[in-house]
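Asker: Chains A and B are the protein sequences, given in the same order.
Quick note, the first sequence lines up with residues 67 to 586 if you use this note's numbering.
Quick note, the second sequence lines up with residues -3 to 217 if you use this note's numbering.
Take the hints with a grain of salt, since some may be wrong.
[Stated by the list, open to error] Facing chain B, a subset of chain A residues (Cβ under 10 Å, in silico):
id, residue
1, Pro89
2, Ala134
3, Thr138
4, Gly140
5, Arg169
6, Arg172
7, Val245
8, Tyr304
9, His315
10, Glu318
11, Thr342
12, Ser348
13, Leu358
14, Ile366
These are calculated hints, taken from the structure and not from any lab test.
Using N, Cα and C, we set each Cβ at its ideal position, and we do this for glycine too.
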Amino acid sequence: MGMMKVQRQAPESISSSAAPVSPVEINRSCCLPVTLLFAASIGWLLVAGVLGLISAIKLHSAAFLSQAAWLTYGRVFPAYLNVLLYGFAVQAALGIALWVLARLSRAELKGSLAATFAGLFWNIGVFFGVAGILAGDSTGYLWLEMPRYATPLLFFSYAVIGLSAAITFHSRRERQLYVSQWYLVAALFWFPWIYSTAQLALVYFPARGVVQAVVAGWFAHNIFTVWLSSIALAALFYFLPKILNRPLHSHELGMFGFWALAFFGCWGGLQLGGPTPSWLGSVSVAAGVMTLIPVLAVAINWRRTLLTGDRKLAPNPVLSFFKFGAVCYVVASLIAIAGLVQAPVELSAQHKDMSETIQLTFAFLSRLMGGISEVAEFTHYASGVAFLFLYGFFAFVALGSIYYIVPKLTLCDWPSAPLLRLHFWSGAAGVVLLVAPLVLGGVRQGAALNNADLPFLETVRGTIPFLGTSTLGLLLLFVGNVSLAVNLARLLARCRCLECCGLAKDPGTGRAPVTVAANL
Amino acid sequence: MNSNRKNSSQPQNSSKPSAGNSGRQPLVETEPVAARAQSPIWLAVLFGVLLYWAQLYLDNYAGGFDPHVYAPFRSYQQVAAANPKSGAEMLIAKGEVFYQNCLGCHQANGMGTPGQTPPLAGSEWVLEPNPARLIRIVLQAPTGPFKVKDVEWNTSQAMVPFGSFPDEDIAAVLSYVRQNQQWGNNAPPVTPEQVKAVRDETSSRSAPWTMDELLKVPITP
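Generate the whole structure from the sequences, applying the supplied hints.
Answerer: Now the structure itself:
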């Protein structure tokens, strides 16, 4: 599939004359790579569900499946996290980015076939990476456990897909940029930067000493707070107004939120109190608290977009996915910020003037928040927040996008509406059952840990009922994801996808696309 | 299952032409656009307040952006105070502790006890740049008459030998005494190696030293 050369010398002068490509053509150009990325990401989501359940059960029943080395917690758990991140999240995010960028650019996806092959190689890379972790070759850095023989494949596959998206964006027919495009284009360049930096500084030419912890913390923070967030925020900014069929509340607020996230989001992830220079941790905390601003900015924008309409909307299960994801984004961000501030000692009152009063007020607030981190540190609280972010926010937005996009690509509707509703409700219940016990149990565990009279094993035993409940949450999530997989398998089986993608020459056989009104 | 049951959400535009294959149709589906509503002013105010808080936070916890400052310390001075000093300073700090064994007679001010114990402050035996004789006095103790600062002292039965203590302790207390600037002393510190050298030279001797014997010990620099 050759890249379509757009002949332009001066984009500004000619922008109005380049006619936008019809959505049907754009969908057709996206069909192959995006459907592949989505289908594979859902496959990995099921694998992650199994691995996640195994590792969660091990937390309260230690002897479960402990016979073979590759099934021990130290291998299954990192394998789970990596399947979830690279198999599901990044892959689904790439699919969303390709489609949304092409649609907003009003241009066909360029390099569609190259992106498809890159998607295949990405999956091969994930397979070898996860197999390597299970075989015991983990690098030992959180979210970067994949061994060095798998990661170059991931990097170069990403590069090809990213290039395809960048060329598509470059050849856009609509010069007016929408908020989603800022997030998506920034994210496109963010991942290669943080991933290659982390790989080079940790695996290929390892930095010495505490620099390793600094790089690993910086990467883990950036991949979530900046990269995955940006893609999911772009999806929310795109789909909320689109499904509601009304304009986004404010372009300016959207841009403010984007730049605030880009500026403050990337500093975090380092702990104050570790064996690193204080300024690293305190800059991290200060910037982390500042991310309250972009979170509030997007929350206001969404809320006013949702509330401005006067029409009563028909209940829409796909919109529910986006709404749930949006709420989880705000809640997860607020909980994360609340647990961030550490105030180990009271602020020194050294300025003998008005600012002392202000300082002491801030000190009081800092201590209130510092109290949370004092209790929550080194407990399940942090994993609760991470799961709320990954499952509640990112996964719900990504799955909602998949539910929206796949029928457009395949010209075929979801075969089962009950399965879709089942997915939403079991997924939502799963997120609550997974996250609430970890956060609340984490607080309880932290209080127990801070009580010097309590033997350590007692504090561990106290977490078991909470961990058991969260395993139930993972099970519900798994049920929901299986229902999506079944739905997708039936959809792909009956819709003759090759014809939709323009690979078969006769689209008239069997199902006529005209009957499907959702083909935009 | 029939495909005209719609779960997917798009409000349908009934006026659109059926999905044709010509690439340059006019847009039949609008992509999202953004209105131009103003941002709320309280967000800008909160932004400013948080920036001020962040500046106070960094002021208090960033340790002046000095790479040597780490938590829980707040400044380089605090880190320096909490950390081990150089080898010589550590030796003197240790010597101050060991000096508890000496101050019963030599006194905390190093002036000794008039008529009984000679002073250490300003003593030519203490301040001699080569500590070879001084180390012998501590290891095997002195005996008989000694002349210190032009005064005769009888040291018989007065001081116990400290040869059973390790080289490190003896070097430490001698460094403390020789470097004690509050007493007006400022001689080079004594190293454990110097103590060991003297101990090896005098390993066959257990008797205390008379002044004449000590004066025969070479102290060439």
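Asker: Hints broken by the structure, by number, lowest first?
Answerer: 2, 3, 4
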